[in-house]
Amino acid sequence: MRKLIPGVDSQLLIKDAAKVMPDPMRRTFLRGAFSLGALTFLTGCDIIDSDAAEGVLRKISEFNDGAQAALFSSTKLAPVYPESAITRPFPFNAYYDEDDAPNVDGAAYKLAVGGLVDNKKSWTLDELYALPQVSQITRHVCVEGWSAIGSWQGAQLSEFLKRIGADTRAKYVWFKCAEGYTNTIDMPTAMHPQTQMTFRFDNKILPRAYGFPMKIRMPTKLGYKNPKYVVAMEVTNTDRGGYWEDQGYNWFGGQ
Amino acid sequence: MMPGQGAMTAETIAAPSAEKAIHPVWVRVTHWINAIAILVMIGSGWQIYNASPLFDFTFAKSITLGGWLGGAIQWHFAAMWVLMVNGLVYLTLGFATGRFRRKLWPITPSAVLADVKAALTFKLAHDDLSHYNAVQKLLYSGVILSGIIVVLSGLAIWKPVQFQELTTLFGGYNFARYVHFFAMAAIVGFLVVHVALALLVPKSLRAMVTGR
Ligand code: HEM
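Chain order of the listed sequences is A and B.
Sequential numbering of the first sequence, starting at 1, is according to our numbering.
Sequential numbering of the second sequence, starting at 1001, is according to our numbering.
Some hints here could point you the wrong way.
To be verified - Under the rule of at most 30 angstroms between Cα atoms (straight-line distance), these lysine-lysine pairs were calculated in the BS3-like manner:
#1 Lys110/A x Lys59/A
#2 Lys59/A x Lys1117/B
#3 Lys59/A x Lys120/A
#4 Lys1203/B x Lys1061/B
#5 Lys110/A x Lys121/A
#6 Lys171/A x Lys1159/B
#7 Lys162/A x Lys1159/B
#8 Lys121/A x Lys59/A
#9 Lys176/A x Lys121/A
#10 Lys204/A x Lys162/A
#11 Lys76/A x Lys1159/B
#12 Lys120/A x Lys171/A
#13 Lys176/A x Lys120/A
#14 Lys110/A x Lys171/A
#15 Lys162/A x Lys59/A
#16 Lys59/A x Lys1061/B
#17 Lys59/A x Lys204/A
#18 Lys176/A x Lys1159/B
Note that these hints are calculated values from the structure, not bench results.
Only a predicted model underlies this, so the values are computations on that prediction, with no experimental measurement involved.
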């Protein structure tokens, strides 16, 4: 099998989603011959009950959110790469097949803006394309372990938030996507200079596979924290979770 | 569970209490905390590996921990703190008390060769448990170094932006993944030999538990 990227089988990429989905039986989260068996063996007694263990693990994951927020630097930039380093073809990855990706009508598209902002007007694609544009060639790192270098163009989210009079002292920005995917991010990451409302990939209008018409590109966060097909955003002080985070992926998802 | 446990009680009582422990209590405590943390890291690490394998094989689900990628990551990044804090305590005390210098140093190739030969002809003595032979010194120093590398390369792939200097030091994100994998493999290789030898010489296991 030809390797596209070290560690990624191109055919498997599409099927990845199914592979990493939680087991239908949530109880298997901690089961398996290894887990309880080994811990019971080592501790010499059967103290590990899986509900309690899951609760503890969730608490530690929250602690790790705090640790990552502390490690996050709002001025430290993700490394950038030359054009020759771009991974071609750049992999498609989602919890559904490429054929099932949302097909958003660009002409009818309006980005809804809500929450703690002065100006709640919706934005058409033409208006978004008219914003000052920036470009980055950065590494997209997936929680699964593989990575790929891509080229993204669009508007700085921080600039947009200022433009719409967002309360940037709020804690979070929440995104909603065409297929129902959601994502909440911390304000410091939203204000990071490389956090981008992306409209183009490799200088061409964002293809459907990569999130047409708009993706939020954050090279400081793992792939699942970079939503595609974004149709609405809200500035908020309430953590509204997200598609993967609610299933157990780490909330901060930083790099 | 542990061979030789029956004999332990009698001997512990018989031993004069003033006699110095073979392994001080900090070595025993950090050793067993480390053993648990490492097993959790390996089991969950294998599950994480399976999500995006580096080689043409995956680990059987029955020997992995976490059930799925998200669960494995939760285990991995929980045990990570135990491993790091415990490891720092062990390393600090190992250097500060002079234990590393006394027990693990020096390691000379000729001594290692001589002890390997002795071991293969079953002539390697185990009378003095407070003294490590050259093979033990080499294995223990090697696994301590592997432990340091596995933690640092892990940090390099966990934070390739915030710790990007470290990631660069490990040859970039992709290369650091391989470094992390091979450091794990070295530790697993050590473990197989290490546990086998501990079971072959049960009194060494007892000493690591009771100190005597
Ligand atoms: C889980 C099964 C394990 C068992 C049964 C076990 C057993 C032992 C025993 C009996 C000793 C004393 C050996 C002697 O007196 O020569 C020892 C020492 C040691 N073990 Fe383990 N061990 C285990 C796991 C580990 C792991 C996972 C590591 C590291 C990755 C490790 C690293 C060490 C080191 C570095 C020493 C020397 C400690 C010192 O003297 O400071 N062990 N182990």
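Now the hints, each set against the structure:
{"no.": "1", "hint": "Lys110/A x Lys59/A", "result": "violated, 38 angstroms"}
{"no.": "2", "hint": "Lys59/A x Lys1117/B", "result": "violated, 51 angstroms"}
{"no.": "3", "hint": "Lys59/A x Lys120/A", "result": "violated, 36 angstroms"}
{"no.": "4", "hint": "Lys1203/B x Lys1061/B", "result": "violated, 34 angstroms"}
{"no.": "5", "hint": "Lys110/A x Lys121/A", "result": "holds, 10 angstroms"}
{"no.": "6", "hint": "Lys171/A x Lys1159/B", "result": "holds, 22 angstroms"}
{"no.": "7", "hint": "Lys162/A x Lys1159/B", "result": "holds, 29 angstroms"}
{"no.": "8", "hint": "Lys121/A x Lys59/A", "result": "violated, 39 angstroms"}
{"no.": "9", "hint": "Lys176/A x Lys121/A", "result": "holds, 16 angstroms"}
{"no.": "10", "hint": "Lys204/A x Lys162/A", "result": "holds, 27 angstroms"}
{"no.": "11", "hint": "Lys76/A x Lys1159/B", "result": "holds, 12 angstroms"}
{"no.": "12", "hint": "Lys120/A x Lys171/A", "result": "holds, 18 angstroms"}
{"no.": "13", "hint": "Lys176/A x Lys120/A", "result": "holds, 16 angstroms"}
{"no.": "14", "hint": "Lys110/A x Lys171/A", "result": "holds, 25 angstroms"}
{"no.": "15", "hint": "Lys162/A x Lys59/A", "result": "violated, 34 angstroms"}
{"no.": "16", "hint": "Lys59/A x Lys1061/B", "result": "holds, 25 angstroms"}
{"no.": "17", "hint": "Lys59/A x Lys204/A", "result": "violated, 43 angstroms"}
{"no.": "18", "hint": "Lys176/A x Lys1159/B", "result": "holds, 26 angstroms"}
When the structure is compared with the earlier hints, violations turn up for hints 1, 2, 3, 4, 8, 15, 17 and for no others.
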